[in-house]
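S.K.: Using the numbering used here, the letters of the sequence shown map in sequence onto residues 1 to 186.
Note that these hints are calculated values from the structure, not bench results.
In this text the structure is predicted, and so the values were computed from the model without any measurement.
Hints should not be assumed to be uniformly reliable.
Here are the simulated distance ranges between beta carbons [unchecked claim]:
(1) Val155 to Pro44: 18 to 24 Å
(2) Val145 to Glu39: 19 to 25 Å
(3) Gln19 to Gly93: 16 to 22 Å
(4) Met123 to Gln47: 38 to 44 Å
(5) Ser161 to Gln19: 17 to 23 Å
(6) Gly67 to Ser161: 39 to 45 Å
(7) Gly11 to Val62: 25 to 31 Å
(8) Gly93 to Glu71: 46 to 52 Å
(9) Glu39 to Trp14: 18 to 24 Å
(10) Thr36 to Leu130: 26 to 32 Å
Pairs of lysine-lysine, DSS-like flavour, derived with a Cα cap of 30 Å [to be verified]:
(11) Lys163 to Lys9
(12) Lys95 to Lys163
(13) Lys42 to Lys167
The C-beta atom is built at its ideal place from N, Cα and C for all residues, glycine as well.
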Amino acid sequence: EAQAAYMAKKGDVWAAGSQDYDSLLFGSPRLVRNLTFSERRKLPGEQRYVKVYPEEILLKEVLDNLGISREQLIIVGILVGTDYNPGGIKGIGCKRALKLVEEHKTLEKVLSHVKWEFEIEPMEIFEFFLEPPTSDDYDLTLRPVDDEKLYDFMVNQHEFSPKRVEKTLEELRKSRIQSEGLEAWF
Numbered sequence: 001e002a003q004a005a006y007m008a009k010k011g012d013v014w015a016a017g018s019q020d021y022d023s024l025l026f027g028s029p030r031l032v033r034n035l036t037f038s039e040r041r042k043l044p045g046e047q048r049y050v051k052v053y054p055e056e057i058l059l060k061e062v063l064d065n066l067g068i069s070r071e072q073l074i075i076v077g078i079l080v081g082t083d084y085n086p087g088g089i090k091g092i093g094c095k096r097a098l099k100l101v102e103e104h105k106t107l108e109k110v111l112s113h114v115k116w117e118f119e120i121e122p123m124e125i126f127e128f129f130l131e132p133p134t135s136d137d138y139d140l141t142l143r144p145v146d147d148e149k150l151y152d153f154m155v156n157q158h159e160f161s162p163k164r165v166e167k168t169l170e171e172l173r174k175s176r177i178q179s180e181g182l183e184a185w186f
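Construct the entire structure; sequences and hints are all you get.
M.R.: Structure, rendered in structure tokens:
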């Protein structure tokens with residue numbers, strides 16, 4: 001997510017794509033959530049699905065609407081939980097986190113009003129979101145998809161449904177044929 005946010009900040013990609021909000025904490029100007037062909041997402045730990053729609057979130061709008069800085073958004077994130085402190089601080093949800101940030105402004109002052117129970121230091125998380133390790137060594141050239149490798153990755157390494165992956169790969173093959181036909185006109 002840090003790399004995707006970096007690439008979006010540079011303008012090399014249109015947005016970062018993720019299900020959580022850490023990309024915004026890393027400074028991505030735009031986050032896209034719920035990118036799926038099926039328009040549904042499996043609920044974690046359940047055998048249930050919910051209908052989802054693609055969602056575009058603009059960092060500037062979030063900050064303007066909340067009346068806070070990116071640094072303060074990072075503090076809110078740390079309070080409610082990030083990939084680096086899952087679950088956040090017990091008893092603190094979004095509303096309370098925002099209220100604490102509005103009242104106390106800085107991480108140090110906010111932390112004096114909460115109980116930190118994680119091994120990793122909050123300042124370490126804060127600084128990581130501000131200056132994450134990123135690289136300029138990337139290539140955005142589109143190449144043909146290796147169906148076998150993609151199938152192995154999705155099914156064998158990440159336990160996606162073989163039937164769904166095969167169906168999606170078939171749709172991808174069909175779209176490639178249509179695209180190749182259209183490209184002949186240009």
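S.K.: Hint by hint, note whether the structure agrees.
M.R.: Tested hints:
Between valine 155 and proline 44 the Cβ separation comes to about 20 Å, which falls inside the hinted range of 18 to 24 Å. For the hinted restraint 19 to 25 Å between valine 145 and glutamate 39, the CB-CB distance of approximately 22 Å keeps it satisfied. Judged by the Cβ atoms, the range 16 to 22 Å given for glutamine 19 and glycine 93 holds: they are separated by roughly 19 Å. For methionine 123 and glutamine 47, the hinted distance range of 38 to 44 Å is satisfied, since their beta carbons lie about 40 Å from each other.
The hint said 17 to 23 Å for the Cβ distance between serine 161 and glutamine 19, and at roughly 18 Å that hint holds. Evaluation of the 39 to 45 Å hint for glycine 67 and serine 161 yields a pass: the beta carbon distance comes to about 44 Å. Look at glycine 11 against valine 62: about 19 Å separates their beta carbons, and that is not inside 25 to 31 Å. The hinted range of 46 to 52 Å is not satisfied by glycine 93 and glutamate 71, whose Cβ atoms lie roughly 20 Å apart.
Taken as a hint, the range 18 to 24 Å holds for the pair glutamate 39 and tryptophan 14, whose Cβ atoms sit roughly 21 Å apart. Between threonine 36 and leucine 130 the Cβ separation comes to about 31 Å, which falls inside the hinted range of 26 to 32 Å. For the hint linking lysine 163 to lysine 9, the alpha-carbon distance of about 37 Å lies beyond 30 Å, and the restraint is violated. In summary, the hint linking lysine 95 to lysine 163 is not supported, as the alpha carbons are separated by about 42 Å, beyond the 30 Å threshold.
For a cut-off of 30 Å, the pair hint linking lysine 42 to lysine 167 stands: about 18 Å separates their Cα positions.
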